[in-house]
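A.B. asks: These are the residues of each chain, in order.
There are 2 protein chains.
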Amino acid sequence: MNYKINLLLTTFLMADFFCLAQSNDMVIEDFEPSYINQPGHEYPMVNSQGRVRTKIFAPDAKYVKLDIGGVKYDMVKDEEGMWTGVSDPQDIGFHYYQLNIDGASVPDPGAMLFFGACRWGSGIEIPSNDQVIFAVKNVPHGHVHEIRFPSKSSQKTLRAFVYTPPGYEKEISKRYPVLYLQHGYCENETSWPNQGHANFIMDNLIAEGKAKPFIVVMAYGMTNEIEFGRLRDFDILPFQSVLVNDLIPYIDSNFRTLANQENRAMAGLSMGGFETRLISLNRTDLFSYLGLFSGGVYRPGDFKEYETLKLVFISCGSKENPEWVKKAVNELKNAGYHAVSYISDGTAHEFHTWRRSLYQFAQLLFK
Amino acid sequence: MNYKINLLLTTFLMADFFCLAQSNDMVIEDFEPSYINQPGHEYPMVNSQGRVRTKIFAPDAKYVKLDIGGVKYDMVKDEEGMWTGVSDPQDIGFHYYQLNIDGASVPDPGAMLFFGACRWGSGIEIPSNDQVIFAVKNVPHGHVHEIRFPSKSSQKTLRAFVYTPPGYEKEISKRYPVLYLQHGYCENETSWPNQGHANFIMDNLIAEGKAKPFIVVMAYGMTNEIEFGRLRDFDILPFQSVLVNDLIPYIDSNFRTLANQENRAMAGLSMGGFETRLISLNRTDLFSYLGLFSGGVYRPGDFKEYETLKLVFISCGSKENPEWVKKAVNELKNAGYHAVSYISDGTAHEFHTWRRSLYQFAQLLFK
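Heads up: the protein sequence lines correspond to chains L and S, in order.
Taking numbering that gives the first Met the number 0, the leading residue of the first sequence gets 0, the next gets one more, and so forth.
Taking numbering that gives the first Met the number 0, the leading residue of the second sequence gets 0, the next gets one more, and so forth.
Treat the hints as calculated values from the structure; they're not laboratory data.
Hints may be right or wrong, so weigh each one.
What the hints assert, rightly or not - Derived BS3-like pairs (lysine-lysine); straight-line CA-CA distance at most 27 Å:
#, chain 1, residue 1, chain 2, residue 2
1, L, K173, S, K76
2, S, K76, L, K76
3, S, K151, L, K169
4, S, K155, L, K136
5, L, K54, S, K61
6, S, K54, L, K151
7, L, K64, S, K54
8, S, K61, L, K76
9, L, K209, S, K332
Using the sequences and the hints, build the whole thing.
C.D. replies: Shown next as C-alpha cells:
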C-alpha cells in the first residue's frame, strides 16, 4: 500500500515535471507572417507565444543560426537545402535580428530593414494588444517631410524628418507647437518614423481628439560617433549646436511654428533622453515640456533656475528600472514640479516601450 | 639564325599576348569606398575601371560569390576567414547586387539598401562625370513628403512621396504645376527618391534657374503584382483608377497645385513609361507633357484627338535601342508634334539613364 501510494505520487510528480517541460519547450503551431516582411515573403513568421520562425535557402551551408539580440538559435536543414529555426518567446514589440550563415552575419532577405545597432538590418514585430496605437487607420494622415537643412556648425547639409499634422497643408494661416524627438544610441533620424511609427501614433491621437495637433521634428543625434561603453566621454556640444543654432531656426523659418519656449518640447529615448536632459539644462530658455523615455531621470535640484518648465515626463519598461523612475518622479512632485511617470507593462529597453511613451507624453503636451 | 628570329618573334608575340591578357584582366588598385555604403563600412569599393570589390567575414563558408545583375564572381578566402571578390567593369551609375554564401542569396551588410528587383537589396554606384546633377549641394533644398492617401478604388490607405520645391513652405500664396513620375517593374514609390535622387536633381536644376519650380509626385504603380514575362496581360485600369480618382484629387486638395491639364505632366521609366503611355492615351484630358524613359515610344497616330498636347519626350540609354527612339521622335516631329529625343551616353536599362532623362525632361516642362 505504501508502495502503491509512492508509485502514485511518483507518477503525479513525473506528470507534473513533463507538463512543465512541455510548456517550456512547446511550440504552438499558429505562426503567421510578420507584418513587416518584404513584399511577397511568408517568412519570418511569429506565433502567439512571441516565437520567431525564420527560413532561408542555403543548400551548401554547414550551419545557419537565427540571432535575436545576441542569442543564437540553431536552424535545421531539410533535404531541399531549406533551413528553418525557431526562437524562444520574445517580448511584445519590435526587435532587431540577423541570420548567421557559416559565420557571416547578414540580414534576413525576407524581413524589412531598419536602422538600429548602427546598421540597416532586419526587424521583427511581436504583436501586442495595443499595437492599434500605431495602426494605419482610415483617419486623416499627416505628412512626414524629409528635409535637408544647412548646418553651419558642422559644415554639412543634414537630413531630418518633420511630421506635420493632418490639415497643416490646408489651414495655411494656422501655426503649431513643436516637439523635438530624439532616437537612441546607434539609431538615426529614420528610427522614430520607421520602427517608432511616431507619425501614425500622432495621426491616431489627433483623430481621437486625445492630442493637440503639433509638429514633430526627428533629427540625427550624432550618437553613432562614439564607441559603446564610452558614453561618459560623449560631448553634447556638437549636437547641441546643430539643434539650437541650425535646426530650430530652420524649422521656425520653414514651417508654421509657434516659435517660443511655451510651444516647444523635447524628448528622447535612451541616449536621446540623455541628450534631452543635457541640452534642456544647458539651455533652460528653449523648452517647456521634457520627456525622458528609458533615458535617465531628472532630480529636483536640476530645475532650480528653470521657472518656465511646465512638464517633466519620465518613463521606462517594466523590465527596466521602474522603481528608480517612480522614485525620481515622486521627488519631483514633492518639490512642486509637474512630473509624470509612465511604466510600460511587459517590455524592456526596446521600441515598444518608447512608442507607448510617446503615446502617453503626446497627450500631455501644449495643453 | 632562323631559330633565333623565330624565338624573338615568339617572344614578341607572347609579350603581346600577355599585354592583352593583362589589359583585360588588370585590376587598377585605386579602389575607394562606394559613397552609398552603410555608415562606418569601407566595403564595397569601386575603382576607376568601374569594378566592384566586396568583402565579407564568413569563416566557415565553402564559397562566396558576388552577384551583379545575375553575373556571379567567385570570391576568395584569406586565412582569417575574410572573403574578397572583384567584378568586371560595370557601366557608370546605379546597379542592384547581392552576395551568395553557400547558396544563400543575401544583401551585403556593407551596402545601403534600395527597393528594386522586387526586394530591398544592396545597391552600388559606379561614379560618373555627371553625377554632379544629383549631388547634395549647398543650395536651397525642397522637401520630400511621405504621404498616406485614402484610395477608394483599392479600399486601402496608400503611400506616395511628394517633392515640393524650395520656397514652397514659405510662399504660401503661390501655386505650382505637377509632374507625376513613375518607377519601373519591380520597383516602388521609394525608387525615384532613393536611387533616382529625383529631389536633388530638381533642387540643382531650380538653383541654376534651368527648371521652373514644380511639384513631383512619386506613387506606387502596382507593377509588382504581375509575373515577369506576362507584361502583355497587365491591366492598367487598377492603377489608372488610383491615379485619376484617388491620388490626383488628393494632391490637388492637399498641395497648392495649378490643378489643370496645362500644368500637369506624366512620365515614367521602363514599365512606368508603359503606364504613362496607356493612361495618357486613355485620358487625353489630364496631361500636357509626357515622358517615356526607356519605356516605349508614341506614334503620330496615337495623338489624333490629343489637341492639348504640348511636349512628348522619349529617351533611352545608348546601350538600349537609340535608333528606334530617334526614329519615333522624327516621325512625331514630321507629323507636327513637339517631340524631343534624348540618348544617355554609355548607359543601358539602368537608373543613370533615367536620372539623366529626368534632368533633361524637367528643363522642358511648364514653359
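A.B. asks: Within a Cα-Cα threshold of 27 Å, do S/K151 and L/K169 meet the stated pairing?
C.D. replies: Status holds; Cα separation ~21 Å.
A.B. asks: CA of S/K155 to CA of L/K136, is that 27 Å or under?
C.D. replies: holds, 9 Å
A.B. asks: Check the hint pairing S/K76 with L/K76 against an upper bound of 27 Å on the C-alpha distance.
C.D. replies: With Cα atoms ~24 Å apart, S/K76 and L/K76 stay inside 27 Å; holds.
A.B. asks: Taking 27 Å as the top limit, are the C-alpha atoms of S/K54 and L/K151 close enough?
C.D. replies: violated, 36 Å
A.B. asks: Assess, step by step, whether the Cα of L/K209 is no farther than 27 Å from the Cα of S/K332, and give holds or violated.
C.D. replies: Measuring from Cα to Cα gives roughly 60 Å; hence the hint is violated.
A.B. asks: Between L/K54 and S/K61, is the straight-line Cα distance small enough, at 27 Å or below?
C.D. replies: Distance of about 20 Å is within 27 Å: holds.
A.B. asks: Check whether the Cα positions of L/K173 and S/K76 lie no farther apart than 27 Å.
C.D. replies: violated, 62 Å
A.B. asks: S/K61 and L/K76: Cα distance at most 27 Å?
C.D. replies: Between S/K61 and L/K76 the Cα gap is close to 16 Å, so the pair holds against 27 Å.
A.B. asks: Would you check the hint for L/K64 and S/K54, treating anything up to 27 Å between C-alpha atoms as holding?
C.D. replies: At roughly 21 Å apart (the allowed maximum being 27 Å), S/K54 and L/K64 satisfy the hint.
Hint compliance for this structure: hints 1, 6, 9 are broken, all remaining hints hold.
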